[in-house]
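J.: The lines below spell out each chain.
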Amino acid sequence: MPELIDEWGRLLLAANAGDARAYARFLTMITPVLRGVVKARSGDLGPATCEDILQEVLLAVHLKRHTWLPDSPVRPWLYAIARYKVVDAFRARGRRIDLPLEGFTDQLAAAADTDLTEAADMAKMIGLLDDRSAEIVRKIGLEGASIIETGMALTMSEGAVRVALHRAFKRLAVLRERHVK
Amino acid sequence: MKTNDLIRALAADTAPARPLLTTALAGLVPALGLALIGVWGILGIRADLIQSLFEPASVARFILTGALAIVGLGIAVGLARPNGQTRLWPLAVLGGITLGLLVWAFVTTPADARQMAAVGKTITTCLVSIPLMAILPVAAILGMLRHGASTMPRLASMVAGLTGGGAAAAVYALHCTEDSPLFYVTWYGLAIAGVTLAATLIGPRLIRW
Chain A
1 MPELIDEWGR LLLAANAGDA RAYARFLTMI TPVLRGVVKA RSGDLGPATC EDILQEVLLA
61 VHLKRHTWLP DSPVRPWLYA IARYKVVDAF RARGRRIDLP LEGFTDQLAA AADTDLTEAA
121 DMAKMIGLLD DRSAEIVRKI GLEGASIIET GMALTMSEGA VRVALHRAFK RLAVLRERHV
181 K
Chain B
182 MKTNDLIRAL AADTAPARPL LTTALAGLVP ALGLALIGVW GILGIRADLI QSLFEPASVA
242 RFILTGALAI VGLGIAVGLA RPNGQTRLWP LAVLGGITLG LLVWAFVTTP ADARQMAAVG
302 KTITTCLVSI PLMAILPVAA ILGMLRHGAS TMPRLASMVA GLTGGGAAAA VYALHCTEDS
362 PLFYVTWYGL AIAGVTLAAT LIGPRLIRW
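For the protein sequence lines, the chains are A and B, in the order given.
First residue of the first sequence: 1, per my numbering; consecutive thereafter.
First residue of the second sequence: 182, per my numbering; consecutive thereafter.
The shape of chain A in the complex, shown without the other chains (with noise of 0.2 Å):
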């Protein structure tokens, strides 16, 4: 379906130029494809764990969206992304997986899945943050505020707390490494 592609194409560009609206919508619609890859091979690891494996592979994502090569297909550049993720969260938790290419576009059947399940290391790597930027995280994510609003409620500047929330997501990563170890 090439013209998926060119959506998912549009979006990121617009949301590597600054649009968070098209950057939620493009993680909104590669998040179903990216779950059912990882549900497909999951074996007896639960709900919870494939949600965990799949909020690492979203982090990934958004720490390397700059290395997607503009107006290139982002499938590719999604996949080998999300496959080098996914095989590297297996292998943490003791499991070698064999994940071909293959399996990403086989998986676009599954893509109407859902999921409320609650996963549990990235909040426990939230905690590990300082308090300002967990309380920035969680207040942006948990209860939807915006950069303003959170700005506001913390007084802080605009600029200030979208530096700290960046930051906070390479810190998440780095601790995310450190913790699966």
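Wrong hints could be hidden among the right ones.
[To be verified] What the simulated footprint calls covered on chain A by chain B, stretch by stretch (three residues with Cβ under 8 Å from a Cβ of chain B suffice, anywhere in the stretch; the number is not a length): (1) 53 to 59; (2) 73 to 87; (3) 121 to 134.
These are calculated hints, taken from the structure and not from any lab test.
Cβ atoms here follow ideal geometry from the backbone N, Cα and C, with glycine treated the same way.
Assemble the complex: chain A is given as a structure, and chain B must be docked to it using the hints.
T.: Structure of chain B alone, referenced to chain A:
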């Protein structure tokens, strides 16, 4: 945390990231500047630099090491992307040309002069200076790879070593007066190989993501 909540938080973070090549150059330019200052201030630029530029075998040092650095940088940036291209043939071509030059020098150097040309007078300086000067350039390339998302970390680290080693050798050539390919292909080559080996061993751990 529910995935939808995570997505909401991620989407709010729209801070743009620096492009890969910009990141590499931001590290490489100061690193090479420092190497240049080091060669200038400590080792000294060779006195006959201008004349040496009319000597093809001497100029070939700059061309080969410079080409290695530029080709290597291009490949390293490609390898920093998760689905990056791995076109390594330009490196093979460069290696082939270098070997050809070595054979040519061997054939055209009189038999009794070969050993003297190959051993030269500055092996130690060469083998110490090039790796030392390569540390920062290699670190700059590894920094770019860390900023990226390489799915082939060992190969990417190896290319980082070749790139940084080549760049360091190009700067070192401003000092070095050994103009025979029998000398520089051998000893620059050995120095670059050492840097590459070290980068290949250490790199993957540093560029994990």
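J.: Run the structure past the numbered hints and jot down the numbers of the failing ones, going up.
T.: none
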